[in-house]
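Sequence order for the protein chains is A and B.
Note that this note's numbering gives residue 36 to position 36 of the first sequence, counting from 1, and the numbers run on in steps of one.
For this note's numbering, add 613 to where a residue sits in the second sequence, where the first one is 1.
Worth flagging that the hints you see were computed from the coordinates, not collected in a lab.
Treat each hint with caution, since some may be false.
Said to hold, decoys possible - Here are a few chain B residues that face chain A, going by a calculated C-beta distance under 10 Å:
1. Thr635
2. Arg637
3. Asp638
4. Ala737
5. Asn942
6. Leu963
What the hints assert, rightly or not - Stretch-level coverage of chain B by chain A, calculated; a stretch enters the list once three of its residues show a Cβ under 8 Å from a Cβ in chain A:
7. 693 to 701
8. 710 to 716
Bear in mind the structure is a predicted one, so any value in this text is a computation, not a measurement.
Note that the Cβ used here is the ideal one computed from N, Cα and C, for glycine as well.
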Amino acid sequence: MPSDAPARINDFVIKFSNVNGSGSASANTLFAKSIMRMGVPVSPRNIFPSNIQGLPTWYEVRVCEAGYLGRRGGVDFMVAMNPQTWDKDLAEIEPGGYLFYDSSKPLPKSRFRDDVHTIGMPLTQICNRTYSDPRERQLFKNIIYVGALSAMLGMDLAEVEKLIGEQYKGKERLLEPNIKALHMGRDYALEHLPRIDLAVRRADAVGEKIFLEGNSAAALGAVYGGATVAAWYPITPSSSLAEAFARHCKRLRHDPESGKARYAIVQAEDELASIGMVIGAGWNGARAFTATSGPGISLMQEFIGLAYFAEIPAVIFNVQRGGPSTGMPTRTQQADITACAYASHGDTKHVLLLPEDPKECFEMGAQAFDLADRLQTPIFVMLDLDIGMNERLCEPLAWDDSHRYDRGKVMTSEELEAGKDFGRYLDVDGDGIAYRTYPGTHPTRGAYFTRGTTKDRYARYSETGPDYVDNVQRLLRKLETAKELVPAPHLRPAKRATRTGVIYYGSTSPAMHEALDQLEAQGLDLDALRVRAFPFSDDVSEFIADHDRLFVVEQNRDAQLRSLLVNECVIDPARLVPILHFDGTPITARFIAGEIGQQMKAMNVMPLRKVVQ
Amino acid sequence: MTYLAKPKLHHPGLDKNERGYTRRDYEGAISTLCAGCGHDSISAAIIQACFELDLPPHRIAKLSGIGCSSKTPTYFLGSSHGFNSVHGRMPSVLTGANLANRDLIYLGVSGDGDSASIGFGQFAHSLRRGVNMVYVVENNGVYGLTKGQFSATADKGSKSKKGAINTDAPIDLVGMALQLGATFIARGFSGDKAQLVPLLKAALLHRGAAFLDIISPCVAFNNHVGSTKSYDYVREHNEAVNRLDFVSPRSEIMADYEPGSVEEVVLHDGNAIRLRKLHTDYDPHDRIGAMNYLQERQAAGEVVTGLLYLDTEPDELHAHLGTVATPFNQLGESELCPGSAALQRFNASLR
Ligand SMILES: Cc1ncc(C[n+]2csc(CCOP(=O)(O)OP(=O)(O)O)c2C)c(N)n1
Ligand code: SF4
Ligand SMILES: [Mg+2]
């Protein structure tokens, strides 16, 4: 065995290949979380089919003390528990890596690879010997392999045990057999399995960070942002956002005295009804949202247009996935950018927020409601499956208790009573936003009839051209106001001055940071701008103007954000080189650095080091 | 805040209701519908019902879909907020509005195309959820606004203005509402105000999903011989199961009813409706009986009108969801935002 090879400490990728529904998920999470408890950053990713039981599912854990949380690509240690995907799993292992498998039944030598270390453990035999209940045999098999891994990787057993203890708190009957299984696996490994050159060692690289799914964070943002009405229709990968909202509300949103709910959640009959309810609630002064994914966005189109033209606050969480319903529903993409930015009929443009991780899902999830009320328009929070449905290490969530909700321009009964001029579509101060009233405010003043665009500044019925033009021009002024209010882009300047830049957004973030470090190590310098919202603020156009060569990194086929940049900032398309990854897997640093490195070399951008030499 | 009407410069001779509103306070803009359109009669009935009930107009929210019928909210209750939403989707917008503020009265106005075709799903789901509302379908058997195509409530064999014969089976929204669990179900006729106004009044006071199918002839496209939604046809085939008087606790008990054929139903706030029975065997509290009766009369070619079903102990969506009594749109940070301390605890649970 490779005892002479240098040990790879806290820097490797381990992948679990399982069968969907076999109970492997909780054991795999236990493994990842134990490493995090040892102070070593991990980034786990679920790769799963659109299916409940029986199909293959994978859980990939990147262990990286340097803190890179993007998907790395390649696998150093494969836990191959699914015979169905054996060949594919085997092929994915890096040369010199490890294959861990259930050796209860002998396999011919031809099924293995020469350049990969093979570690067999008779898991089924051990389980069959120990347990008689078939369910137990299956479930404990997972814990047994976690025990074996903890031994091979030199993990701190106390951390694993502690986590199991927390998991089964109040269910002590289940605790003991789990601990027993864990030890069984560990003892077997210590006695029979070889030492390997991958190891986890206690470190101090996690600190105060938390481990959280973006969907749960966004839902909590909605709670903190004051959402009271949630209407949704189940669709992967957004369902867990609505479900998390229900969980958070149960904990945080009941009147302590009456026990009654300060929220309403309706599982609607479809996405048309979901967005309709959100719009009805927003019109009537409550903060409301829906959570959906691409096909749901398609169904909501007409209502989104209505909300835009009738100027009704609404928040839409779009947890993006691949393509149509029979597309890649359980894979990740950033492919609804143009569909949302220009959603619906007529001349429309919508505000998009682009969170990079769960922390921003929380922040933007809350901020979206202030923006919706201030701008009186739909706000899209654009997550994707990668950040939505995977636990991601991020900074702890923070809330400023002095923050007051911005309910926007709402005229009160007192103001109406005092004779303040009310025109529902009257821009009184040039920001393009008019005052609204909540229904039922005043007995004789402030009522108006809500409709699309057939109206004048006082909401009186009008089909005349000048009234139409006046109204939709005002909506453009409102969009200008939005540029100042939405989250500003983040600049990461290169260490050395450069005329090359890169623009990226959303879940590409961790892979991009790692790629930038890799490129810098090769002497290739890029200023990087993370766009956090649409419409783009002036900083974005200035960044483009300040650079000669620009890359735009995205997870879709058609370079959708690039199209928006070309269109909205009036940029020569030739100046923006698309770097596109869209096979449904999360983008990697390897891919980005490889593509950009190659292109820069082709553009004749000499690595600085070489020039110096 | 007071809901009392502020004085307007009214004709001194106009009658005022208990709250000091005149009938004119319940009116809206001048109708732009065709002269003689049944929908205008329904608007007039809504105005009268709200006036007679002394409802503060601004505490009513009127929502509609798209169609001639859905345009009508502009023509009544001018001091109420209105929302002309999208085709067939009034029920979801109304549901959301109701969730945001449970204290207003929600009046949804729709057409037969709006509710039985494009919006059939939302019609059904809003009723089965028990949204506290009055859901009115102004049913003319055609798409008025798009010039006379058949709607899904057009009877099989009925003839369009251009002479086409409808070959599809009709949807009876009243039958559907009975199945779907609406707790107040009635059918009226735009040409019979004496029956329609009390029905509307009772529906407005009902605290649950009230559904009213109102046959409303379209004079432009569906008032000819061969149409089963024309004035003449409905007058000839109307089978009223009961006649209603609406009795408020304030008004004197009227003495002109025939004992033995009258049933008084007391509503939540002490108001009562008195059903003057034309058919003494008709029981408006029996959902299954109502379904059977409806089918039977339909087979005989009759249009049953009146109060077909009433649940005097209705349930509604807010009760199902267990929501607080305060309207959501009045809750602020202190009630809604859990604050930083709770967030610290949440963070701690994720390490
Ligand atoms: C999505 C959509 N499709 C089609 C239309 C066109 N349209 C407007 S009104 C209408 C039919 C209305 O019929 P109904 O609800 O019976 O109302 P009526 O005019 O008969 O009162 C249609 C199809 C539309 N407005 N929106
Ligand atoms: S077309 Fe028919 S429904 Fe429309 S306004 Fe004229 S009569 Fe009424
Ligand atoms: Mg119609």
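These are the hints, each one checked on the structure:
The interface hint given for B:Thr635 is violated, since its Cβ lies 12 Å from the closest Cβ of chain A, which is over the 10 Å cut-off. Of the supplied interface hints, the one on B:Arg637 is violated, with its beta-carbon coming no nearer than about 12 Å to a beta-carbon of chain A, more than 10 Å. A least Cβ separation of about 8 Å between B:Asp638 and chain A falls short of the 10 Å threshold, and the interface hint therefore holds. With a least beta-carbon distance of about 8 Å to chain A, the hint placing B:Ala737 at the interface is held under the 10 Å criterion.
The beta carbon of B:Asn942 is positioned within 10 Å of a beta carbon in chain A (closest approach about 3 Å), and the interface hint is therefore held. A distance limit of 10 Å between C-beta atoms decides the matter here; for B:Leu963 the minimum to chain A is near 4 Å, and the interface restraint holds. Check on the stretch 693 to 701 of chain B: 7 of its residues sit with their Cβ under 8 Å from a Cβ of chain A, so the three-residue criterion for coverage holds. Under the rule that three or more residues need a Cβ within less than 8 Å of chain A, the assignment of the stretch 710 to 716 of chain B holds, with 6 such residues.
The structure shown violates the earlier hints numbered 1 and 2.
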